[in-house]
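> One-letter residues, chain by chain:
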Amino acid sequence: MDSLSRRRFLRISAATIGATAAAGGLAGHLAGQGTATASGPSGLQKIPTFCDICFWKCGAIAYVQDGRLWKIEGNPDDPLSRGRLCPRGTGGVGAHVDDDRLKAPLIRRKQRGEDVWAHVTWDEALGHIAEKMQAIKARYGPEAVALFSHGLGGTFLKHTLKAYGSPNIAAPSFAQCRGPRDVGFHLTFGEEVGSPERTDIRNSRCLVLIGSHLGENMHNTQVQEFGEAIAKGARVIVADPRFSVAASKAHHYLPIKPGTDLALLLAWMHVLVTEGLYDKEYVAQHGFGFEAFAAELTPYTPEWAYPETGITPEVIRETARDMARYRPATLVHPGRHATWYGDDTQRSRAIALLNALLGSWGRKGGFYTPVSMDIPGYPYPPYPKSDKGKVDNPGGRYPFALESITTGIREATITGKPYPIKGWMTYATNLMMALPNEAETIKAIQALDLLVVVDVIPTEMAGWADVVLPESTYLERYDDVNPEVFREPFVSLRQPVVPSPHDQKPNWWIARELAKKLGLESYYPWKTIEEYLEVRLTRAGLSFAELKQKGIIHGPKQPVFYDEGVAPEFPTASGKIDFYSTALRDKGFDPVPKFTRPAEPPEGMFRLLFGRSPVHSFGRTQSNPILNEMMAENEVWLNADVAARLGLEDGRYVRLRNQDGVVSNRVRLKATQRIRPDCAYMVHGFGHTAIRLRRAVGKGASDAQLVTRYQTDPLMGGTGMNVNFVAVEAEA
Amino acid sequence: MARYGMAIDTRTCVGCMDCVVACKTENRVPEGFNRDWIAYEAVGRFPTLHMEIRSERCNHCDNPPCVTCCPTGASHVDQFGRIVLVTHEACIGCKACLASCPYDARFVHPDGYADKCTFCAHRVKDGLDPSCVAVCPTHCFTFGDLDDPNSAVTKALESRTAHPLLPAAGTRPRIFYLD
Chain W
269 MDSLSRRRFL RISAATIGAT AAAGGLAGHL AGQGTATASG PSGLQKIPTF CDICFWKCGA
329 IAYVQDGRLW KIEGNPDDPL SRGRLCPRGT GGVGAHVDDD RLKAPLIRRK QRGEDVWAHV
389 TWDEALGHIA EKMQAIKARY GPEAVALFSH GLGGTFLKHT LKAYGSPNIA APSFAQCRGP
449 RDVGFHLTFG EEVGSPERTD IRNSRCLVLI GSHLGENMHN TQVQEFGEAI AKGARVIVAD
509 PRFSVAASKA HHYLPIKPGT DLALLLAWMH VLVTEGLYDK EYVAQHGFGF EAFAAELTPY
569 TPEWAYPETG ITPEVIRETA RDMARYRPAT LVHPGRHATW YGDDTQRSRA IALLNALLGS
629 WGRKGGFYTP VSMDIPGYPY PPYPKSDKGK VDNPGGRYPF ALESITTGIR EATITGKPYP
689 IKGWMTYATN LMMALPNEAE TIKAIQALDL LVVVDVIPTE MAGWADVVLP ESTYLERYDD
749 VNPEVFREPF VSLRQPVVPS PHDQKPNWWI ARELAKKLGL ESYYPWKTIE EYLEVRLTRA
809 GLSFAELKQK GIIHGPKQPV FYDEGVAPEF PTASGKIDFY STALRDKGFD PVPKFTRPAE
869 PPEGMFRLLF GRSPVHSFGR TQSNPILNEM MAENEVWLNA DVAARLGLED GRYVRLRNQD
929 GVVSNRVRLK ATQRIRPDCA YMVHGFGHTA IRLRRAVGKG ASDAQLVTRY QTDPLMGGTG
989 MNVNFVAVEA EA
Chain L
7 MARYGMAIDT RTCVGCMDCV VACKTENRVP EGFNRDWIAY EAVGRFPTLH MEIRSERCNH
67 CDNPPCVTCC PTGASHVDQF GRIVLVTHEA CIGCKACLAS CPYDARFVHP DGYADKCTFC
127 AHRVKDGLDP SCVAVCPTHC FTFGDLDDPN SAVTKALESR TAHPLLPAAG TRPRIFYLD
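In the order they appear, the protein sequences are chains W and L.
The numbering used here applies: residue 269 is where the first sequence begins, and numbers increase by one.
The numbering used here applies: residue 7 is where the second sequence begins, and numbers increase by one.
Just so you know, these hints were derived from the structure itself, not from any lab.
It is possible that some hints are incorrect.
Claimed, not checked - Mimicking EDC-like on lysine to aspartate or glutamate, the simulated pairs with C-alpha atoms at most 16 Å apart in a straight line are:
#1 967(W) with 901(W)
#2 500(W) with 185(L)
#3 500(W) with 460(W)
#4 938(W) with 47(L)
#5 938(W) with 854(W)
#6 632(W) with 756(W)
To be verified - Pair by pair, the computed Cβ-Cβ distance ranges are:
#7 913(W) with 48(L): 37 to 47 Å
#8 501(W) with 110(L): 30 to 40 Å
#9 110(L) with 966(W): 21 to 31 Å
#10 548(W) with 48(L): 38 to 48 Å
#11 795(W) with 110(L): 26 to 36 Å
Every residue gets a Cβ at the ideal spot worked out from N, C-alpha and C, and that includes glycine.
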């Protein structure tokens, strides 16, 4: 890495910021003991807000005892949490009390070859950023500054960037996560799956999970409804190379060969069509191009799929018939993190088509039609128009991209084409862990004149920054109002429950002050966030005071299924469900998905797969003292028989070496019967190298570091990351 | 007087540890210790496997060895719901109870006394469920009076087969796992 870097890997050195007082004196009695405030109120306060440990936005109630944060519970009035947070939300207390939080703005005093940071005032930090941004604008135009932002908290920084004149705003949640899924469904039904997913799991009578590991992947409402469906006796079918928690609940566990899900999906559809088990009425009424689609399926018999997937024809037929038996209340879950092999949009489209055959889109137990409350935006002046357009997808080379492509911005930053990118700002996303092939990210960073990182904790990305801005946690700030898009309409509010313990500031304040320094005051007619929220809610005919008190305001109930009166509408190329896609055909892609066999792991290597833990969100919670205690490091899973053959015993430390010679940090081996012999599995987000994350640094291994290769989805630019192979080596 | 116990549904438990985290914040359990935990038990050979996931804690046994062995009477069966509790002031930290518990449910709190699950007696007295029960995203716990034929826990145990942990230890545990 050193040879690559103009900036050596930057460790925010303890020596230069040692003057800051540690938060609380928390050792030994950490949990539930927030920092006391000098003039905090006495007694017990219960303050409604919503969570930000992941991006599900669950309604919560914070309990503050004598000014100290004690615990956080779900808000019973919230349709997402229904009074129960997930373990991460319950452990949100730890985000506030984490003594490794960023505490004050930092500027790297760059003496070439030296890594020296200084604490500065907000005025100096923001003044420095504004000066650099004006210089970039003068030389390259405002488009040369890009923002990478994840989550609701980025609203105001996006506003400032748009006012400054940049159209280049992206989140890894598209090209590194759910993008292919949303494009695949968009091409089929004309609408996306969205977040929260529009899945009616609680009413499903048959639930099919393809690599989707609900229970380990802890999106609260989905896991709650998964439990509900199981309790009601729903049929559960799980295809996964790993015997996941969800697999342990399944009636049918299909130990599928990694990368062959599309073959299984095609064979399932073949069975439904050839046996006449699909919803003929629904398909006749809503489908376009069914005959051509059916003809394309002809070769994909269960016997054809068997050697590809390892799933026997009998099981393929039996599970397909199960799906048909319970339709339309059969939900083939679309998943969420879908960037696996580079043909992910077509795989997701196959999932959409299978649901279409089962008639589950728009039906109870399948997919509901989401609704929301109309909260008008704040009346801002119009943004300046960019004549250069966005940088990430020149010439529309990924014709079906629905959002900006992070890796497209990265590529433009490296090549200077179609135009140069000279400034990056990141908000709540650690690109070193989110984007594949960190060498490319580092190369792009070297082409920058300015890198600003806004975050709560000193991540790897913060280590590369010129300026680091410490944000208040979600428990200490207002964010924009949230009119959720869900199966019932409601609006929720995030509000501060305790003050920030140091010199952290909320993102709205940061964005507004930066805009002022950039001479963009006219874009911030409001002075305080309360004033902004008051205006938005008043325009919607709602009371800010009521929302502050309740945390949630419900809208009038609306129909969400076709049989409740929702009109079936499909804004696709044909205006119907596109079984055969002319949009794809016209751009030279397969109008009906086709299977391509993935490359096999070389001898002695295993396909690297990664997933989620219920107690962590990405790489952003390993420093949280409560969640860290629940899971301090990840393990690499390897089939127990394979491990025995390699002479590697369960629990020992190993290192992973990938096909490009990259070697991981040491990581414990989990030798288990719960995984196929041809792959290795890790929970994502561990193996931190940022030295100021004292609890997390050096704990476990980082899958992101080993993802040096990726397969780009030609339809939408997503980066398929399950294409890396690792050897497992004993750690001395 | 009630006799509190739990039925925990192994079918719906996903092992997410929310019960562990909620207990930790509710009861301010010190860093490095937990009053409850998750056990995974996978049997078989890939891909033919069975796995049981259990949220475990003090079983508040009807025949509690931790109470019998306590030299000071600190460890006791409380009047309230026959919950097994420790009187902090009377505990001398001798660890006899830690050794006697077949479920390894106890630890010595940094303040010097033996500590463990209290069934959140302070919440139950207020008419609330224990925090692990209240937080569970998949609703896999049923808590209540095992002596009340109409309680939800009694009904849950009547409706399904269930097993306690280590019945052979003779402790007569009051937590049952629904199969």
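> Honestly, which of those hints from before does the structure not fit?
Of the numbered hints given earlier, those the structure breaks are 3, 5, 7, 11, listed in rising order.
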